[in-house]
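Q: Residues per chain, in single letters:
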Amino acid sequence: MRLFPAARGAGVAAVPDRGGLVPLTVVRAATALTAVLLGIVVWNGSVWVVVPVAVAAIAAVLPSIGLIFVSLLLLVVAYAVNMPAGSPWLLVFVAGLHAVFVLYVLLLHLPLRGWVSVAAVRELVRSFLRVQAMAQPIALLALWVGDAGQSLPVVAVGVAAFCWWTLRLAVRRP
Amino acid sequence: MARAGTGRSPVEALALILVLVCIVAGLVAGRPDAVALAAPFALLALAGRAAPGGGEEPPVRISTDPRTQGSRLRLLLAPSAAGGGPSGGLVATTLAAPGCPPDALVLRSDEECPLLVRAPLSGEADVLSYGAAGFTADLAVSSPFAPAPPVRVSILPPIGEPLARPVSRRLVGLAGTHASRRAGDGGELRSIAPLQPGDALRRIDWRATARRSADQDRLMVRRSFADAEASVLLVVDQAHDLPSSTADWFTAGPRLSAGSLHTARAAATTVAASFVAGGDRVGLDDLSGTRRALRSAGGARHLEQIRVRLAVTSVVPRRRRGRDPVPPQGSVVVVFSAFLDAEPARLLRLWHAQGHLVAGVDCVPPLVHDATTTAQTQAVPLTQLRRHLLLEDLGKEGIPVFSGASAVVGVAADAHLPDRGGPDLETGLRLMARQSSRHGGGAAQGAARRPGRADDGRTP
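The listed protein sequences derive, respectively, from chains A and B. So the first sequence is numbered by this note's numbering: it starts at -11 and just counts up by one. So the second sequence is numbered by this note's numbering: it starts at 536 and just counts up by one.
Please keep in mind that the hints were generated in silico from the structure rather than gathered at the bench. A few of these clues could be false.
Unchecked claim - Now the in silico label distances, taken between C-beta atoms and shown as ranges: (1) A:LEU25 / B:GLY565: 19 to 29 Å; (2) A:VAL38 / B:GLN911: 40 to 50 Å; (3) B:GLY565 / A:LEU100: 40 to 50 Å; (4) B:ARG609 / A:VAL39: 43 to 53 Å; (5) A:VAL113 / B:ARG826: 34 to 44 Å; (6) B:VAL847 / A:VAL39: 57 to 67 Å; (7) B:HIS923 / A:ALA42: 51 to 61 Å.
Said to hold, decoys possible - Simulated coverage check for chain A against chain B, where a stretch passes if three residues somewhere in it have a Cβ under 8 Å from a Cβ of chain B: (8) 49 to 62; (9) 96 to 105; (10) 111 to 121.
Unchecked claim - Covered by chain B, per the in silico footprint, the following chain A stretches (three or more residues, Cβ under 8 Å): (11) 34 to 46; (12) 124 to 132.
Being a predicted model, the structure only gives us computed values, none of them experimental. Each residue gets a CB set at the ideal place from its N, CA and C atoms; glycine is no exception.
One chain only, chain A, in its complex shape (with noise of 0.2 Å):
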């Protein structure tokens, strides 16, 4: 094989001397196939989910913050036209649109490659937990607020237990 000047790998990378590392491949394959699922429900049936999933995967391996909007704006968009009022879906995609969310921003400053370590994960695992425990009551009042109708007292007890349940997390985090 012929080898240019430019082209030869001339050094050697550093490379970590230690276990419990996650390599950046496997976080960009769970961004795009989180970003691909979550496509594939609000386009089920339609040759156009080509489209977010190819964003998606683009977005995983070469994050900008255009591509980034685009493909969460697919996702958005397309429940908010594809999808039926009330679906229970939505928990799904309030959990999933925030998963993706915090990957992308998570690679949009690194490198191709490298490693996570599994601390660091768990790290942010928990923080996602943390941000969910105010967002899904939030997707549960809404899809209460939808069934409900007109109703101004669900409303009201809805919103109050929102706000009681915001309040007591705010006071517990640390």
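Let chain A serve as the given structure and place chain B on it in line with the hints.
A: What follows is chain B alone, placed relative to chain A:
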């Protein structure tokens, strides 16, 4: 990573835009569940507003770890004492080894991680560039990416097996293990002569007295050659560092692979260690004239100074010197060079003409011919031809040039050495030592055979 420092980051703006999109989509469709999709983004944007950003200092530092693994150097990535990242979060460190694309390492802010990097075989080099950014676990707040000074290491050149020690015939030292041509205290017999004022009584040779002074009117003393230490001047040519890969001859940038300068360092260290171990004095100079020469001295501490000086030797263009280096009188001069130009050969000729025992060490490592372009493949044999002619001229003038590649640990004896006919360093120095001892021994034996001429003319 939504908020960096005090300004609003693109990520925070992205979260806010997504919140607006969800709200607008929900309002247009009349669906509160679509509005609920904005909840996590809104919470993240709020968290980014509430928390302060980090400082300008990198939140991690990388230090060298004394434990090494083979040819790879072990470093330790640890949280910085004056870390600039958000507390209790994550740290993303970007690592870039020379000639490699960058890698990322995301750790918890209190985690440590050992790293293995490739280190130079000898000398000083930046082995790793890095920078880091800290961020909270929800990625809402981040400190700006802070680059850190690269990790620079200095590897002392290795000491090889002891080599033979050729010495000059004009030894001027007063203590050592070599027999000089001067009369004095030593182990080698110079003559047996009648006792004279000033002769030590312990030098009286009673057997010779009984044999030669039949009337017992004269006492005969044994006289010896004075012991002396040799003086060696090592001259390193640091104008070039010729890599073993011919393709690397034409590329710029940092390189950790072994080149002619590493060979020069390793060979010079081995020669210095051999002479210092024998009680001789060793000095060090360079052809570029950038630093003051290391004066000639002996001892283990001086050997460490030589190794340190050799370790910091890097490629420096040769500048015009006011005067050529002057070796100590009666010293052996060894020039370590790649012999790419005429300057080392000129100095070798000069010192040879001044009566010093001189030798050159060709430091070009075994070559791997992998030049790619036509111009490169033509330039390599031309360079080799020029070197060949320079070395051949030196050989014709009786100046030996040895191959220094054998002094490098890991170079096989049957490796493809550059096209020159000189012996390896060990063999060459052994031959040189044998020749010099033969000449020196001949002189001593001659002097021993002519005691009357050497002493006072009174032949017993």
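Q: So is the segment 111 to 121 of chain A in contact with chain B by the C-beta rule, three or more residues under 8 Å, or is the coverage claim wrong?
A: With 8 residues closer than 8 Å to chain B, the segment 111 to 121 of chain A meets the three-residue bar; holds.
Q: Has the hinted range 19 to 29 Å been met by the Cβ atoms of LEU25 (chain A) and GLY565 (chain B)?
A: At 27 Å between Cβs, range holds.
Q: Just to make sure I understand the rule, a stretch counts as covered if three or more of its residues have a C-beta closer than 8 Å to a C-beta of the chain. Does the segment 49 to 62 of chain A meet that for chain B?
A: Held - the segment 49 to 62 of chain A has 5 residues with a Cβ nearer than 8 Å to chain B, which meets the minimum of three.
Q: Against the range 57 to 67 Å, how does the distance between the Cβ atoms of VAL847 (chain B) and VAL39 (chain A) compare: consistent or not?
A: Given about 59 Å between the Cβ atoms, the range holds.
Q: Verify the coverage statement for the segment 96 to 105 of chain A against chain B, using a C-beta to C-beta distance below 8 Å and requiring 3 or more qualifying residues.
A: holds (count 10)
Q: Tell me if the beta carbons of HIS923 (chain B) and ALA42 (chain A) are separated by a distance inside 51 to 61 Å.
A: holds, 60 Å
Q: Go check the segment 34 to 46 of chain A versus chain B for me, would you? Three or more residues, Cβ under 8 Å, otherwise it fails.
A: violated (count 0)
Q: Confirm or reject the claim that GLY565 (chain B) and LEU100 (chain A) have a C-beta distance inside 40 to 50 Å.
A: holds, 43 Å
Q: Do the Cβ positions of ARG609 (chain B) and VAL39 (chain A) conform to the proposed distance bound of 43 to 53 Å?
A: holds, 48 Å
Q: Taking the CB of VAL113 (chain A) and the CB of ARG826 (chain B), does the distance hold inside 34 to 44 Å?
A: About 56 Å separates the Cβ atoms of VAL113 (chain A) and ARG826 (chain B), which means 34 to 44 Å is violated.
Q: Given that the segment 124 to 132 of chain A was listed as covered by chain B, double-check it with a C-beta distance under 8 Å for 3 or more residues.
A: With 5 residues closer than 8 Å to chain B, the segment 124 to 132 of chain A meets the three-residue bar; holds.
Q: Should the hint that VAL38 (chain A) and GLN911 (chain B) are 40 to 50 Å apart at their CB atoms be regarded as holding?
A: holds, 47 Å
Hint compliance for this structure: hints 5, 11 are broken, all remaining hints hold.
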